[in-house]
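Work out the full structure: start from the sequences and follow the hints.
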Amino acid sequence: MSATELWRRSAARNAAEVRAGAVKAADVVESGWEGPARIWEADVHAVVHEDGPARAAGARAAGSGALAGVPVLVKDNLCTTDYPTTCGSRILAGWRSPYDATVIRRLREAGAVVAGKGNMDEFAMGSSTEFSCYGPTRNPYDLNRVPGGSSGGPAAAVAYGLVSLALGSDTGGSVRQPAAFCGVFGLKPTYGRLSRYGLVAFGSSLDQVGIFARHAGDIALAYSALAGPDRFDATTRLDPAPDVSGWAQGVKGLRFGWPQNLWKAGVASEVVEGLEQAASWLEKAGATRVTFDFLPGEYAVATYYLVATAEASSNLARFDGVRYGFRHPDTPDVRALYTRTRSAGFGPEVQRRFLLGTYALSAGYYDAYYLTAQKARTRIRREYQEAFARCDLMLMPAAPTTAFRLGEKTEDPLEMYLSDIFTIGANLAGIPGLTVPVGIGKGGLPLAVQLLGPEDGEGALLRAGRAVEVRGEIQRLEASHESEFAWPTRR
Amino acid sequence: MSISREEVERIAELARLEIPEDRMERMRAELSAVLEFVATLNRLDLAGCEISTFAPADAPLREDEPDGRRLDPARATAGAPEAEDGFFLVPPIVENLEP
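Protein sequence lines, in the order shown, are assigned to chains A and B. Counting in our numbering, the first sequence runs from 145 upward without gaps. Counting in our numbering, the second sequence runs from 340 upward without gaps.
Bear in mind the hints are in silico, worked out from the structure with no lab data behind them. Do not take every clue at face value.
Said to hold, decoys possible - So, partial list: chain B residues that the calculated Cβ filter (under 8 Å) puts toward chain A:
(1) ILE350
(2) THR379
(3) LEU383
(4) ILE390
(5) ARG401
(6) PHE427
Claimed, not checked - Listed next, the in silico EDC-like pairs over lysine to aspartate or glutamate satisfying Cα-Cα at most 16 Å (straight line):
(7) LYS586/A x ASP286/A
(8) LYS408/A x GLU420/A
(9) LYS519/A x ASP384/B
(10) LYS168/A x GLU149/A
(11) LYS519/A x GLU389/B
(12) LYS428/A x GLU617/A
(13) LYS586/A x GLU417/A
(14) LYS553/A x GLU369/B
(15) LYS408/A x ASP437/A
Because the structure is a prediction, the values reported are computed rather than measured. Glycine included, every Cβ here is placed at the ideal spot set by N, Cα and C.
Here it is as structure tokens:
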């Protein structure tokens with residue numbers, strides 16, 4: 145394979161060859177920019193901050209760790225010293241963090257290179273990457289469709305080949321839903337397994353940093369490098385993170401839950417076909433299906449849009465024109481400084497959520513909304529605990545549809561919120577979830593499923609994800625003698 | 340549940356946001372629709388459900404020792420819209436009062 149084709153490989157393979165001295169880190173890092181980015185990036189718009197000299201400096205410092213020389217696109221809400229961190233928002237225009245997020249630090253310590261910053265919905269509030277001050281990202285499988293969101297840039301970049309690994313954040317599905325729309329793997333870890341230090345806070349009790357890759361093994365590799373306690377994040381778990389090195393061990397004896405009442409209505413038939421496909425592959429590989437009914441997702445969505453907006457309205461009070469980024473030019477007094485800066489600096493979706501969260505927390509409404517939502521969260525968490533007494537993981541849709549059209553849901557906030565109906569529960573319960581691509585559907589768009597596990601169930605999720613990946617590869621090989629990742633083609 | 344225009348104005352004030360007149364009615368309608376949707380929670384049986392917390396229950400305090408990392412005022416204020424000598428600059432907060 146010539147140096148210019150290195151982008152096609154897995155992160156694990158490139159890291160092994162960089163360590164062995166067979167290829168140069170700089171060649172691995174640049175191959176994505178010289179190859180696929182020239183074909184795709186102008187139209188897909190996955191990247192919002194890039195910097196050739198910063199990449200070159202990263203490649204020179206790459207060392208010989210587990211991710212030696214592997215380029216990683218990171219979402220624009222993860223603090224990096226070598227690129228701006230703007231959360232897709234005007235209010236942080238041009239801002240640079242004086243420190244690296246813990247996950248960025250661990251990436252660098254493992255030899256990885258930050259390849260740039262990925263596009264996102266403003267402050268991670270959205271499900272389509274259309275609410276970015278830099279304009280939307282498009283889905284590489286169909287440029288008229290969204291990549292999902294809010295981590296749409298990182299997901300799309302992994303799908304078209306710019307990078308083999310990317311980091312996003314997942315507060316209600318912002319890694320798993322775009323991974324599904326773009327046909328890549330996307331892991332939301334157990335709450336407290338990846339440090340949130342340096343991840344710009346949205347909903348602190350829900351936020352987790354997540355990982356995108358084209359292969360289950362690369363997710364395991366990155367997870368092992370990043371997970372674990374951090375003295376700068378008091379919510380990280382103190383015991384060692386789950387060992388995921390057995391990701392290729394197969395699924396013999398594993399029981400997967402099949403909560404089929406959830407997709408009786410309102411779920412696209414293609415999505416159900418993808419679920420059936422994944423289930424039959426898991427059964428062929430030796431897993432057992434356990435059918436049961438589960439709490440409908442509407443309750444999770446309702447709970448989430450109170451808890452998340454309440455936490456956001458509090459967390460984002462810090463953006464007031466004093467310490468970071470943008471300040472309104474006309475500010476006669478402090479009150480005007482706050483109000484004018486925030487009104488001009490935040491986009492409409494973020495403002496809508498502030499109002500909702502402020503309302504839920506305000507005097508007279510706190511018990512009816514916020515407290516009720518907190519109790520509902522406990523109920524939802526129990527539902528998952530009961531389900532995981534009967535199975536090792538649950539098979540679910542990642543989203544009710546495949547990638548939708550640009551503009552299709554921007555006019556109806558509730559409709560957009562409901563596209564997270566299958567992902568939100570995991571954030572409320574603090575459990576891990578993994579999106580697993582199943583193949584390309586009849587309409588040419590990626591099909592994917594979601595696996596949910598109990599707390600610290602990452603190992604089983606990756607084993608099952610790998611089992612589905614292997615069956616997909618066999619099917620592609622039989623169909624076209626093409627066992628590689630199902631790359632998008634221009635159309 | 341429907342929310343009134345006055346309530347939207349009140350919470351906008353609390354959130355330090357200005358809703359322009361031409362967006363007010365739409366914002367009111369959108370918030371009303373979302374609040375109506377979240378009322379589905381009233382159908383959920385919450386008997387015996389207390390509030391969940393997610394921080395580790397046994398989280399120990401760390402040793403209060405410097406670790407060599409330091410954010411000096413110049414770097415801390417470098418990203419601010421207006422700063423001087425390591426301080427953030429803001430408009431006057433307190434009126435000049437006669438002593």
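Structure-based check of each hint:
1. ILE350: holds (5 Å)
2. THR379: Cβ of THR379/B sits 5 Å from chain A, so the hint holds.
3. LEU383: At 5 Å from the nearest chain A Cβ, LEU383/B passes the 8 Å test, so the hint holds.
4. ILE390: Since the shortest Cβ distance to chain A is 4 Å, the answer is holds.
5. ARG401: Since chain A brings a Cβ to about 5 Å from ARG401/B, closer than 8 Å, the hint holds.
6. PHE427: holds (5 Å)
7. LYS586/A x ASP286/A: Given that 16 Å is the threshold and the Cα spacing comes to 13 Å, the pair holds.
8. LYS408/A x GLU420/A: holds (13 Å)
9. LYS519/A x ASP384/B: holds (10 Å)
10. LYS168/A x GLU149/A: holds (13 Å)
11. LYS519/A x GLU389/B: Judged against 16 Å, a Cα distance of about 5 Å means the pair holds.
12. LYS428/A x GLU617/A: holds (15 Å)
13. LYS586/A x GLU417/A: The hint holds at about 11 Å.
14. LYS553/A x GLU369/B: holds (13 Å)
15. LYS408/A x ASP437/A: holds (11 Å)
Hint check: no violations occur; every hint is consistent with the structure.
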